[in-house]
Every structure is written in structure tokens, then in C-alpha cells.
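Participant: Taking my numbering, I'd label the letters of the sequence shown as residues 193 to 346.
Please keep in mind that the hints were generated in silico from the structure rather than gathered at the bench. A couple of the hints might just be wrong.
Straight-line distance between alpha carbons at most 20 Å, and here's what the computed PhoX-like set of lysine-lysine pairs gives [to be verified]:
| hint | residue 1 | residue 2 |
| --- | --- | --- |
| 1 | K230 | K297 |
| 2 | K234 | K303 |
| 3 | K248 | K286 |
| 4 | K308 | K236 |
| 5 | K234 | K283 |
| 6 | K310 | K327 |
| 7 | K248 | K283 |
| 8 | K248 | K290 |
| 9 | K234 | K297 |
| 10 | K269 | K310 |
| 11 | K303 | K230 |
| 12 | K310 | K297 |
| 13 | K236 | K303 |
| 14 | K326 | K286 |
| 15 | K248 | K308 |
| 16 | K327 | K290 |
| 17 | K303 | K248 |
| 18 | K308 | K283 |
| 19 | K230 | K326 |
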Amino acid sequence: MNCQIRLLIIISSVFLIKSCTKENDLPYSIYDKNGFIKADGKFKGDQFIDTIYVYKEKDTDIYNDHFDTLIIIDSSKGSCFYGTEIVEEKKTHKLFSKGVYRFKKSSDPRKCYESKLKTGYFEFHNIDGSLHSKKLYQINGDSSYVVDPGKNNN
Numbered sequence: 193m194n195c196q197i198r199l200l201i202i203i204s205s206v207f208l209i210k211s212c213t214k215e216n217d218l219p220y221s222i223y224d225k226n227g228f229i230k231a232d233g234k235f236k237g238d239q240f241i242d243t244i245y246v247y248k249e250k251d252t253d254i255y256n257d258h259f260d261t262l263i264i265i266d267s268s269k270g271s272c273f274y275g276t277e278i279v280e281e282k283k284t285h286k287l288f289s290k291g292v293y294r295f296k297k298s299s300d301p302r303k304c305y306e307s308k309l310k311t312g313y314f315e316f317h318n319i320d321g322s323l324h325s326k327k328l329y330q331i332n333g334d335s336s337y338v339v340d341p342g343k344n345n346n
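Build the full structure now, drawing on both the sequences and the hints.
Facilitator: This is the structure we're talking about:
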């Protein structure tokens, strides 16, 4: 009888532990057609949560070797969620660019990531940190358009 109680306790413990773990809140990586990781982040239900880390598109893309790119998910409304993209220089951590993306919610993480569209202001900075240019984007349907080309301080 004592063995049966122990077995019952072990089985119950396994079910309890399994039910408490969040299987729908797991890291998810998106790969490009060449097998390189394009982005990764935590996905839950129908959207990314927390931060999406974005990697260079091609292994030969030297330009992106100098920058870190991440998208901080900061809000969710209706059928969309929003994130602020920050691009900074790897060694100095100086801001290179900053802007907001809108993503459509989907149970498929790849579709969520690939639905990103620019919205609001996107800023680009000079090496000294001063503003180089600023553009205002607006979404119309499934496309994003420049509404205000902003200023260029050349």
C-alpha cells in the first residue's frame, strides 16, 4: 500500500509541475532562407512579448556587424502589438536609430514578425549623438508610407 501512495504522489507531482510550466511562453527563433537566425524573442499566444533581438540578414553584411538591433515590445491593442526598435553601435552603445513598428497578431510567430510596419517617427543620429534626420511614417492597409520626410542636418 505504501508503494501505491508514493507512486500516486509522484504521478500527481509530475502533472502539477507540467501544468504550471508555461509552454506557450517559449523562446522562438526565426530563420532566413540561408539558415541564419534573423530574429528571436519570446512568443506567447498570438504575439511576441518582452524583446525581439534582430540579427543581420546576410553573413556577408559587414554594416550590421557594427550595430546591435532590438525591438522592445511596449504595447498591445486589438489585433496588433507595437515595439520600439533601437539600433545602437556595439562598442560605444551610442544610439544610431530609433522608431516604432506595428505587428499584426497571429498564432504563427513568423507571420507576426514579417507583418512589421513602420509607424510614427523614425530618427537617425550622427556619431556625436545629434539628430541627423527624422521621418514620420503612417500605415495605410498593409503598407507604411512616409508622411513627413523630416529634416536632414547635412
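Participant: Could you run down the list of hints and mark each one as holding or not?
Facilitator: Hints, verified against the model:
The straight-line distance between the Cα atoms of K230 and K297 is roughly 19 Å, inside the 20 Å bound, and the hint therefore holds. As the CA atoms of K234 and K303 are separated by approximately 14 Å, the hinted pair is consistent with the 20 Å bound. Under the criterion of a C-alpha separation no larger than 20 Å, the hint pairing K248 with K286 is consistent with the structure, at around 18 Å. Distance check on the hinted pair: K308 and K236 sit about 17 Å apart at the alpha-carbon level, within 20 Å; holds.
With a C-alpha separation of about 26 Å, the suggested pair K234 and K283 falls outside the 20 Å cut-off, and the hint is violated. The suggested pairing of K310 with K327 holds, with an alpha-carbon distance near 10 Å, which does not exceed 20 Å. For a cut-off of 20 Å, the pair hint linking K248 to K283 stands: about 17 Å separates their Cα positions. For a cut-off of 20 Å, the pair hint linking K248 to K290 stands: about 17 Å separates their Cα positions.
For a cut-off of 20 Å, the pair hint linking K234 to K297 stands: about 14 Å separates their Cα positions. At roughly 16 Å between alpha-carbon atoms, K269 and K310 fall within 20 Å of each other, so this suggested pair holds. Of the supplied pair hints, the one linking K303 and K230 holds, its CA atoms being roughly 13 Å apart against a limit of 20 Å. Note on K310 and K297: the hinted pairing holds, with a Cα-Cα distance of about 16 Å set against a maximum of 20 Å.
For a cut-off of 20 Å, the pair hint linking K236 to K303 stands: about 14 Å separates their Cα positions. In summary, the hint linking K326 to K286 is supported, as the alpha carbons are separated by about 17 Å, within the 20 Å threshold. Distance check on the hinted pair: K248 and K308 sit about 16 Å apart at the alpha-carbon level, within 20 Å; holds. Between K327 and K290 the alpha-carbon distance is near 11 Å, which keeps this suggested pair within the 20 Å criterion.
Restraint check for K303 and K248: satisfied, since their Cα atoms lie roughly 19 Å apart, inside the 20 Å limit. For the given pair, K308 sits about 28 Å from K283 by alpha-carbon distance, which is inconsistent with the 20 Å threshold. The suggested pairing of K230 with K326 is violated, with an alpha-carbon distance near 26 Å, which exceeds 20 Å.
Consistency with the previously given hints fails for numbers 5, 18, 19, ordered from lowest to highest.
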